[in-house]
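Q: Here the protein sequences line up with chains V and L, keeping their order. Residue numbers for the first sequence follow the working numbering, beginning at 1 and rising by one. Residue numbers for the second sequence follow the working numbering, beginning at 1 and rising by one.
Mixed in with the good hints there might be a few duds.
35 Å max Cα-Cα, derived DSBU-like pairs, lysine-lysine [claimed, not checked]: (1) LYS24/L / LYS65/L; (2) LYS47/L / LYS24/L; (3) LYS49/V / LYS238/L; (4) LYS249/L / LYS49/V; (5) LYS47/L / LYS65/L; (6) LYS46/V / LYS238/L; (7) LYS249/L / LYS46/V; (8) LYS238/L / LYS249/L.
If the Cβ cut is set under 7 Å, some of the chain V residues that face chain L in the computed set are [as the list claims (entries may be wrong)]: (9) ILE34; (10) ASN37; (11) THR38; (12) LEU40; (13) ARG41; (14) LEU44; (15) GLN48; (16) ALA52; (17) ILE54; (18) ILE57.
Quick caveat, the hints were computed from the structure, so don't treat them as lab data. Think of the CB as a built atom: it goes at the ideal place given N, C-alpha and C, for glycine as much as any other residue.
In case you want the letters, here they are:
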Amino acid sequence: MQVWIAPLNAQDILPEARRADFIEQVFWNIHDVIGVNTRLRDALNKRQKSYAVIEGIADIFLDIVPLFAPFVSYGSHQLYGKYEFEKEKSSNPAFAQFVEVRFMASHPAFWF
Amino acid sequence: VYPALLSRVAEALRARIVLTDIVKDGLTYQNAFDGRQAVDKIAYIIKTTDRNLALLLGRALDAQKYFHAVTYDHRLRDSVSDVYQFRIGSPFHSGELSPPPVTSPSSQGRSTPTPDVGHELGITRDTGSPSNDASTESDPGKQPDTSTTLPSDTLDDMADDVLLPTGVFTLLTDCYSPTCSRDRLCYSITCPRRLEQQSRLNMKPLPGLGIKRQLSRESLGDMDNVEPGLLWIHTVSKEIVDSVSDQEKRRQEAINEVIYTERDFVRDMEYLRDVGSLFLDPFFFCRWY
Numbered sequence: 001m002q003v004w005i006a007p008l009n010a011q012d013i014l015p016e017a018r019r020a021d022f023i024e025q026v027f028w029n030i031h032d033v034i035g036v037n038t039r040l041r042d043a044l045n046k047r048q049k050s051y052a053v054i055e056g057i058a059d060i061f062l063d064i065v066p067l068f069a070p071f072v073s074y075g076s077h078q079l080y081g082k083y084e085f086e087k088e089k090s091s092n093p094a095f096a097q098f099v100e101v102r103f104m105a106s107h108p109a110f111w112f
Numbered sequence: 001v002y003p004a005l006l007s008r009v010a011e012a013l014r015a016r017i018v019l020t021d022i023v024k025d026g027l028t029y030q031n032a033f034d035g036r037q038a039v040d041k042i043a044y045i046i047k048t049t050d051r052n053l054a055l056l057l058g059r060a061l062d063a064q065k066y067f068h069a070v071t072y073d074h075r076l077r078d079s080v081s082d083v084y085q086f087r088i089g090s091p092f093h094s095g096e097l098s099p100p101p102v103t104s105p106s107s108q109g110r111s112t113p114t115p116d117v118g119h120e121l122g123i124t125r126d127t128g129s130p131s132n133d134a135s136t137e138s139d140p141g142k143q144p145d146t147s148t149t150l151p152s153d154t155l156d157d158m159a160d161d162v163l164l165p166t167g168v169f170t171l172l173t174d175c176y177s178p179t180c181s182r183d184r185l186c187y188s189i190t191c192p193r194r195l196e197q198q199s200r201l202n203m204k205p206l207p208g209l210g211i212k213r214q215l216s217r218e219s220l221g222d223m224d225n226v227e228p229g230l231l232w233i234h235t236v237s238k239e240i241v242d243s244v245s246d247q248e249k250r251r252q253e254a255i256n257e258v259i260y261t262e263r264d265f266v267r268d269m270e271y272l273r274d275v276g277s278l279f280l281d282p283f284f285f286c287r288w289y
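So here's chain V without its partners, still in its complex pose (with noise of 0.2 Å):
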């Protein structure tokens, strides 16, 4: 996420006064989503290197899911973060532009 983030801390693309404020509302909890797979990732990668033929895989996700609330957090507030992001393109050319460039370079997996 830093792809987005970094440049828009950095360059002129956002007036500073609402920049802040601009980032939270679009990228939400995204670090700690992250974070949360990043641990499912690697419960799931050694089970594999651990058996051949894998028994089962639920008791992992049982022990994720109760940290799974990032989700919750991110999902509920996915449409605000759309509708914020929308709006900066339409009313910031800069940003518009930053958008679109970004958009082509990078993968577009998560963009909403």
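With chain V's structure known, arrange chain L on it following the hints.
A: Below, chain L alone, put in the same frame as chain V:
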């Protein structure tokens, strides 16, 4: 003969191989040899019983067009029914597309004559050896039959004119360590000679060392970036695959898909966070100046 030097092996092969007339598909090929003989001789020259290794070395030679299948359509094979001829620098040789190369007297791989020079030399030599011309005429019956038949007249002369292959066959090079020899185990566990030394010394190769290490699954498994779409069935041995039911196979593929999808998901997020910021952070380049 130092087996790692292609030029040396090529010379030794040329000296040892027995050339005869071989009939294949109704055509007679003069001064030819079959693939099995070539592999036999190479194996002898490099002192190995591993025919596969000898075959590999032979292919390194034919890759440089030292010899070729008489049909020009395949590489060296360890087979009596496949026939080969040495490349010959004769201007009469119809099958050769490029002008015949010529070695310099030193012939140790440094000779790279221009094609024009080589061609001229080849012609000069031909006209200057009437005795060989006579030998052509002594065998008039076969020549017109096949366009691929080599004229035998220039063979002896031309043996010198064949550009020797050059190169180092790294599988057969000596170890850099002076204490590593045929009968003394190398100190390095990654020495390619080690398996051979161990078998000669009747030692048991340690599992996970030597050449086999490259095949181990672990080196794939501990990377985060395992190829997406890698199927479970391709990651386990055949015995394991055969020991489970079809339903279990489908279940394992489903579990595998869950796992690699999660890997991809995290990797994509990390990509955005890490790799992308390297290139897109406007201060990135400032750090280098």
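Q: With chain L as the partner, please determine if ILE57/V meets the hint condition of a C-beta pair closer than 7 Å.
A: 6 Å, holds
Q: For the pair supplied as a hint, LYS24/L and LYS65/L, confirm whether the alpha-carbon distance does not exceed 35 Å.
A: Holds. LYS24/L to LYS65/L sits at ~21 Å (cutoff 35 Å).
Q: Holds or violated: the hint that THR38/V contacts chain L, with Cβ atoms closer than 7 Å.
A: With a closest approach of 6 Å, the THR38/V hint holds.
Q: Taking 35 Å as the top limit, are the C-alpha atoms of LYS49/V and LYS238/L close enough?
A: 17 Å, holds
Q: Is the shortest C-beta separation between GLN48/V and chain L less than 7 Å?
A: Nearest chain L Cβ about 5 Å off; hint holds.
Q: Can LEU40/V be said to touch chain L, with a Cβ gap under 7 Å?
A: 6 Å, holds
Q: Does LYS49/V sit within 35 Å of LYS249/L, going by the straight-line distance between their CA atoms?
A: 17 Å, holds
Q: Should the hint that ARG41/V touches chain L count as held when the rule is a Cβ pair under 7 Å?
A: Hint on ARG41/V: holds, closest Cβ of chain L at ~5 Å, below 7 Å.
Q: Mind checking the CB of ASN37/V against every CB in chain L and telling me if the closest is under 7 Å?
A: Given a least distance of 5 Å, the restraint on ASN37/V holds.
Q: With a cut-off of 35 Å on the C-alpha distance, tell me whether LYS47/L and LYS65/L pass.
A: 23 Å, holds
Q: Return the status of the interface hint for ILE54/V: holds when the least beta-carbon distance to chain L is below 7 Å, violated otherwise.
A: 5 Å, holds
Q: Given the hinted pair LYS249/L and LYS46/V, is their Cα-Cα distance within 35 Å?
A: Roughly 20 Å separates the two Cα atoms, so the pair holds.
Violated hints for the displayed structure: none, as all numbered hints are satisfied.
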